[in-house]
Amino acid sequence: MIFIILLIVMAVVLLAAAIYSIHHRDLLFAVMGTGIVSVVLSLFFYLLQAPDVALTEAAIGIALTTIIFVITIRNTTRDEDEIIDKEEEMRMKTDEKS
Amino acid sequence: MKKVFIIILLAVIGYSLADTFVDIPFGENRIGEIESGETVAGYYLSNTVEKSKVANVITAIVVNYRGLDTLGEVTVLFLATTGLASILYRRKEEEEDAQRLSLPSSRIMRTGARVLFPTIVLLGIYVFIHGHLTPGGGFQGGTIVATGFLLMLISYKGFNTDHNIMVWIESLAGLSFVGIGIWGLLSGNTFLENSTNVGVLNSLISGGLIPVIYIVVGFKVAVELTGILDILLKIKPKK
Chain H
1 MIFIILLIVM AVVLLAAAIY SIHHRDLLFA VMGTGIVSVV LSLFFYLLQA PDVALTEAAI
61 GIALTTIIFV ITIRNTTRDE DEIIDKEEEM RMKTDEKS
Chain B
99 MKKVFIIILL AVIGYSLADT FVDIPFGENR IGEIESGETV AGYYLSNTVE KSKVANVITA
159 IVVNYRGLDT LGEVTVLFLA TTGLASILYR RKEEEEDAQR LSLPSSRIMR TGARVLFPTI
219 VLLGIYVFIH GHLTPGGGFQ GGTIVATGFL LMLISYKGFN TDHNIMVWIE SLAGLSFVGI
279 GIWGLLSGNT FLENSTNVGV LNSLISGGLI PVIYIVVGFK VAVELTGILD ILLKIKPKK
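So the protein sequences, as listed, match chains H and B. Just so you know, this note's numbering puts 59 at position 59 of the first sequence, and the rest follows in order with no gaps. Just so you know, this note's numbering puts 169 at position 71 of the second sequence, and the rest follows in order with no gaps.
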């Protein structure tokens, strides 16, 4: 019973982190949200008796993917609104041309 | 017109998916009796330990029964590294002013990295050497080793990986994986055929060729992922 309650709490945390990372405007925070998703997911795999997958998720999901996203943010921009503005500018330009 | 076409296409895809999944009973035990060995999963679980002399059944499935899949995965990773390197290739004269970090990392970070780096690499090597005994294996161990190198790459500016040695390790690992597979083809019946008369079950030297394959895969994955991270960290941020 306690095990099932733990699983439900973890599922809620996972969903909350995923929704947070989708809706946050600051991309660095969004990446941290995906990191939390990976942590909870690897705990899930471990508790549901798949330690192999848990190890993979821990190493790739938490460390490597997060750091690759952080590097990308460092090289581009951190603010999502800025990206949307740029995209709209590009769209306006192409509209003007056509 | 276009939207109608998309809706029809989606309906066809949805119907075929639903039609497939309706037949599969949800939450039912489909493996059956493990001892009888009627299904594929039951066969693997009941016969692997005696036949392959491998304590970790997952390892036997990944590198022995489905070794060709693993070869494909390794090839995918190799292609990803090659593609990234060819896109982000940097010429010699550009390399000199390519700064890895815009800011130096703090003393705490550097000291911590120096303490943690050997332990992380040791853990990764442990995971892929003991792949046939404990959970984990080549991919997991290699990724953990790459994480250790990542820690050093982001904390020390002067920490450089030698690309010549990395290329050599990668090529040798890939070639020896294929070589082991072809050797199995020559000596036995199938690609990656395992010679099982080696060692005692549950000891470090057991499982025939499986530990060798996992060590090779571990080196390959570690080197490839370290290469990817090194390439990515060398991009100069636009100011």
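Just so you know, not all the hints are guaranteed correct.
Pair ranges (Cβ atoms, derived) [claimed, not checked]:
| # | chain 1 | residue 1 | chain 2 | residue 2 | range |
| --- | --- | --- | --- | --- | --- |
| 1 | B | S285 | H | E87 | 39 to 49 Å |
| 2 | B | I111 | H | M10 | 28 to 38 Å |
| 3 | H | E89 | B | P216 | 48 to 58 Å |
Hints listed in this document are in silico derivations from the structure and should not be mistaken for laboratory results. Small disclaimer: the values here were computed from a predicted structure and weren't measured. Yeah, the Cβ is synthetic: ideal placement off N, Cα and C, and Gly gets one too.
Would you say the C-beta atoms of B:I111 and H:M10 sit inside 28 to 38 Å of each other? holds (32 Å)
Could one say that the CB atoms of H:E89 and B:P216 fall in the range 48 to 58 Å? Given range 48 to 58 Å: holds, Cβ gap about 50 Å.
Should the hint that B:S285 and H:E87 are 39 to 49 Å apart at their CB atoms be regarded as holding? For H:E87 against B:S285, whose Cβ atoms are near 59 Å apart, the range 39 to 49 Å is violated.
Violated hint: 1 only; the structure is consistent with all others.
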